[in-house]
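Novice: Chains as they are written, first to last, in the working numbering: chain C, 135 to 245; chain X, 301 to 413.
Because the hints were derived from the structure by calculation, they are not lab data. It cannot be assumed that every hint is accurate.
Said to hold, decoys possible - Label pairs and their calculated CB-CB ranges:
#  : chain 1 : residue 1 : chain 2 : residue 2 : range
1  : X       : Lys-352   : C       : Pro-195   : 46 to 52 Å
2  : C       : Leu-230   : X       : Lys-369   : 28 to 34 Å
3  : C       : Asn-186   : X       : Gly-315   : 44 to 50 Å
4  : C       : Asn-186   : X       : His-412   : 46 to 52 Å
5  : C       : Arg-150   : X       : Thr-365   : 49 to 55 Å
6  : X       : His-377   : C       : Leu-218   : 39 to 45 Å
7  : C       : Gln-175   : X       : Ser-328   : 41 to 47 Å
8  : X       : Ser-328   : C       : Val-189   : 36 to 42 Å
9  : X       : Tyr-398   : C       : Gly-137   : 38 to 44 Å
10 : C       : Leu-218   : X       : Met-359   : 34 to 40 Å
11 : C       : Tyr-144   : X       : Thr-410   : 25 to 31 Å
12 : X       : His-377   : C       : Leu-230   : 27 to 33 Å
13 : C       : Ala-164   : X       : Pro-413   : 31 to 37 Å
Said to hold, decoys possible - Stretch by stretch, here's where chain X covers chain C in the computed footprint (C-beta under 8 Å, at least three residues):
#  : stretch
14 : 179-191
15 : 229-236
To be verified - In the EDC-like style, the derived pairs of lysine to aspartate or glutamate whose C-alpha atoms are separated by at most 20 Å in a straight line are:
#  : chain 1 : residue 1 : chain 2 : residue 2
16 : C       : Lys-149   : C       : Asp-220
17 : X       : Lys-352   : C       : Asp-232
18 : X       : Lys-400   : C       : Asp-190
19 : X       : Lys-400   : C       : Glu-219
Think of the CB as a built atom: it goes at the ideal place given N, C-alpha and C, for glycine as much as any other residue.
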Amino acid sequence: EAGVAQSPRYKIIEKRQSVAFWCNPISGHATLYWYQQILGQGPKLLIQFQNNGVVDDSQLPKDRFSAERLKGVDSTLKIQPAKLEDSAVYLCASRLTDTQYFGPGTRLTVL
Amino acid sequence: DAKTTQPPSMDCAEGRAANLPCNHSTISGNEYVYWYRQIHSQGPQYIIHGLKNNETNEMASLIITEDRKSSTLILPHATLRDTAVYYCIASNAGGTSYGKLTFGQGTILTVHP
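With the rest of the complex left out, here is chain X (with noise of 0.2 Å):
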């Protein structure tokens, strides 16, 4: 799996977009890039993915470059409750590897008032 690159923390005003940024520069055709958080003392929260196109939902919108080697996750009105730890993970979507994640260190996002 290709590895990703994120800041380690960010900062957020309540009400306001977050922007997320990734790299992952060495993605290969067939990875999708996923994105989960963390909540303090909960397991791991499926947010967004995708293979090419931006996608949006009803967490988050997920931009993918043409290139397909950056993204960044979106949270159009942060909460304080969207505190957390957001993990961006390049996965294989076929094969033996398939739906497989490799966590990073991922971003802590802190959403202030």
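Chain C with its partners taken away, still in its complex shape (with noise of 0.2 Å):
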């Protein structure tokens, strides 16, 4: 079985860019999360999705964040503009019963 797949593992930005980072759930499941590791710290979840309606978006920074998931499928995350504070790994998860599965992440940095 496939995992989460996200795109891309790296990315370099200066700020007051913007960028946009793409999530690939496991096939069927239809809960769907982003979360964000800034290093040293645990993941802190910033939306998540069941099917395309948004569930819970309480973390998420939503002058600069926002999310969509449009066919309930793949998931893209963008951030506009970037400050240097938003530098982190920003990680897909996906659940279909009462596990979350996660993918590799993307590594952002801010200059």
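Dock chain one against chain two, each of which comes alone in its own frame, and use the hints as you go.
Specialist: Structural data, given as structure tokens:
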């Protein structure tokens, strides 16, 4: 069974630029999550989708972050404009029943 | 979700059992105990989870105390590849928070040759 796919794996941008990350969950998994992991910390949930609807986006900085999952499968997370403090690993996870499975993450560096 | 407390770091000799403790004294009756680990530069990897009974799979064993206020993850024969950050998480088994994971700092396990 293929795992959660994410791209790109690495991205370097300058502050105030925009960036987008893509996630393809495990086939059939209705629930999808985006996490932010700052160096030295555990992952922090940004947003949770159930199919194409948002379940929880309480921790998403909505002035600059947006996410969508239009057809209930793939998802995109966007940052516009990026700040220095957005440097982190962005992890995507998906869930069918009671266990989340994580992708490898995208490491973002904002200069 | 209940808060969990783990030691910041532990060491283990290769081939020996690694016993990682976790305190979750405020866990509620419908919260599962989940364990994930994160090897350097990878996403978190699911290990095991349980509610009340002890659980075992091909990776590890999970021992939950009878009062459910603490648990221990056991890696029976640790290898160098088990060096990672191990996260213990209490997660709601129902409602709108179903399956939600709140990560703490975890325990850095270092396996030595």
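Novice: Now look at each hint and say whether the structure bears it out.
Specialist: We went through each hint and held it up to the structure:
1. Lys-352/X x Pro-195/C: 46 to 52 Å: violated (38 Å)
2. Leu-230/C x Lys-369/X: 28 to 34 Å: holds (30 Å)
3. Asn-186/C x Gly-315/X: 44 to 50 Å: holds (48 Å)
4. Asn-186/C x His-412/X: 46 to 52 Å: For Asn-186/C and His-412/X the Cβ distance comes to about 48 Å; the hint holds.
5. Arg-150/C x Thr-365/X: 49 to 55 Å: Once the Cβ atoms are compared, 52 Å apart, the range 49 to 55 Å for Thr-365/X and Arg-150/C holds.
6. His-377/X x Leu-218/C: 39 to 45 Å: Roughly 44 Å apart at Cβ, these two residues keep to the hinted range, so it holds.
7. Gln-175/C x Ser-328/X: 41 to 47 Å: Because 25 Å falls outside the window, the suggested range is violated.
8. Ser-328/X x Val-189/C: 36 to 42 Å: violated (20 Å)
9. Tyr-398/X x Gly-137/C: 38 to 44 Å: violated (22 Å)
10. Leu-218/C x Met-359/X: 34 to 40 Å: holds (38 Å)
11. Tyr-144/C x Thr-410/X: 25 to 31 Å: Check passed, 26 Å falls within 25 to 31 Å.
12. His-377/X x Leu-230/C: 27 to 33 Å: Hint holds: Cβ distance 30 Å, inside 27 to 33 Å.
13. Ala-164/C x Pro-413/X: 31 to 37 Å: violated (44 Å)
14. 179-191: Per the Cβ count (4), the hint holds.
15. 229-236: holds (count 6)
16. Lys-149/C x Asp-220/C: holds (9 Å)
17. Lys-352/X x Asp-232/C: Between Lys-352/X and Asp-232/C the Cα gap is close to 16 Å, so the pair holds against 20 Å.
18. Lys-400/X x Asp-190/C: holds (10 Å)
19. Lys-400/X x Glu-219/C: violated (25 Å)
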